[in-house]
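Which chain is which? The protein sequence lines are U and X, in order.
So in full-length UniProt numbering the end of the first sequence lands on 99, straight run, no missing numbers.
So in full-length UniProt numbering the end of the second sequence lands on 99, straight run, no missing numbers.
No lab work stands behind these hints, which were simulated from the structure alone.
Treat the hints with caution; some may be incorrect.
[As the list claims (entries may be wrong)] Residues of chain X placed beyond 12 Å of chain U at every Cβ, according to the derived structure:
| no. | residue |
| --- | --- |
| 1 | G15 |
| 2 | V34 |
| 3 | R72 |
| 4 | H74 |
| 5 | R78 |
| 6 | D82 |
| 7 | Q96 |
| 8 | T99 |
[To be verified] A short, non-exhaustive set of chain U residues, derived as facing chain X with CB atoms under 8 Å:
| no. | residue |
| --- | --- |
| 9 | M1 |
| 10 | S2 |
| 11 | V7 |
| 12 | S42 |
| 13 | G44 |
| 14 | D46 |
| 15 | A47 |
| 16 | N50 |
| 17 | Y54 |
| 18 | A76 |
| 19 | H77 |
| 20 | V80 |
| 21 | A94 |
Quantities reported herein were computed from a predicted structural model and do not represent experimental measurements.
C-beta: ideal position from N, C-alpha, C; glycine also.
Listed below are the residues making up each chain.
2 protein chains.
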Amino acid sequence: MSGFRHVVMFMWAEGTTTGQQEEVAARLGELPGVIPEIRGYSLGADAGVNSSSYDFAVVADFADREGYLAYRDHPAHRAVIDHFITPIVASRAAIQYET
Amino acid sequence: MSGFRHVVMFMWAEGTTTGQQEEVAARLGELPGVIPEIRGYSLGADAGVNSSSYDFAVVADFADREGYLAYRDHPAHRAVIDHFITPIVASRAAIQYET
């Protein structure tokens, strides 16, 4: 089934607590119940295999580009970004591609 | 089904040709036929929605950490990295997480 995928990774700033990281995962994990355009949603913290890794990733699937844009700009998503992610981000890497 | 996911993104160096980028995708696309530990393999070039995006991503799924390590260190994978990816990489972001 073809679709549109959004992938993002974050490195957290020094001093970020485990609680803050878990809060991000918990808040993002609520979004599939709120944003119907989300077709698939996978997130996780780095498993620690390679030393140069980012700290946290989200892989989100949508039917099409419009579905992704609905997610990107959804108020519930923006609220998680503004209140829980932005305050602790040191670095961010993202891409969107057709699947 | 639980598993282990590897996600990587690249920014290509200035001057990288479309042909070089397509070669990377084609060579990586052969790996699922060569490395039996690969359970799922998705790759794609940036769709151009957001200006700050990386250029190319791979999302690879394995049964477990050992499956990922078999892929990471497989000679066929290392050959693609050495001959086609490394020469054109400007920036790389990666993470592995349990799914």
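Structure-based check of each hint:
{"no.": "1", "hint": "G15", "in the structure": "holds (20 Å)"}
{"no.": "2", "hint": "V34", "in the structure": "holds (21 Å)"}
{"no.": "3", "hint": "R72", "in the structure": "violated (8 Å)"}
{"no.": "4", "hint": "H74", "in the structure": "holds (15 Å)"}
{"no.": "5", "hint": "R78", "in the structure": "holds (14 Å)"}
{"no.": "6", "hint": "D82", "in the structure": "holds (17 Å)"}
{"no.": "7", "hint": "Q96", "in the structure": "violated (5 Å)"}
{"no.": "8", "hint": "T99", "in the structure": "violated (6 Å)"}
{"no.": "9", "hint": "M1", "in the structure": "violated (12 Å)"}
{"no.": "10", "hint": "S2", "in the structure": "violated (11 Å)"}
{"no.": "11", "hint": "V7", "in the structure": "holds (5 Å)"}
{"no.": "12", "hint": "S42", "in the structure": "holds (6 Å)"}
{"no.": "13", "hint": "G44", "in the structure": "holds (3 Å)"}
{"no.": "14", "hint": "D46", "in the structure": "holds (5 Å)"}
{"no.": "15", "hint": "A47", "in the structure": "holds (5 Å)"}
{"no.": "16", "hint": "N50", "in the structure": "holds (7 Å)"}
{"no.": "17", "hint": "Y54", "in the structure": "holds (4 Å)"}
{"no.": "18", "hint": "A76", "in the structure": "violated (19 Å)"}
{"no.": "19", "hint": "H77", "in the structure": "violated (14 Å)"}
{"no.": "20", "hint": "V80", "in the structure": "violated (18 Å)"}
{"no.": "21", "hint": "A94", "in the structure": "holds (6 Å)"}
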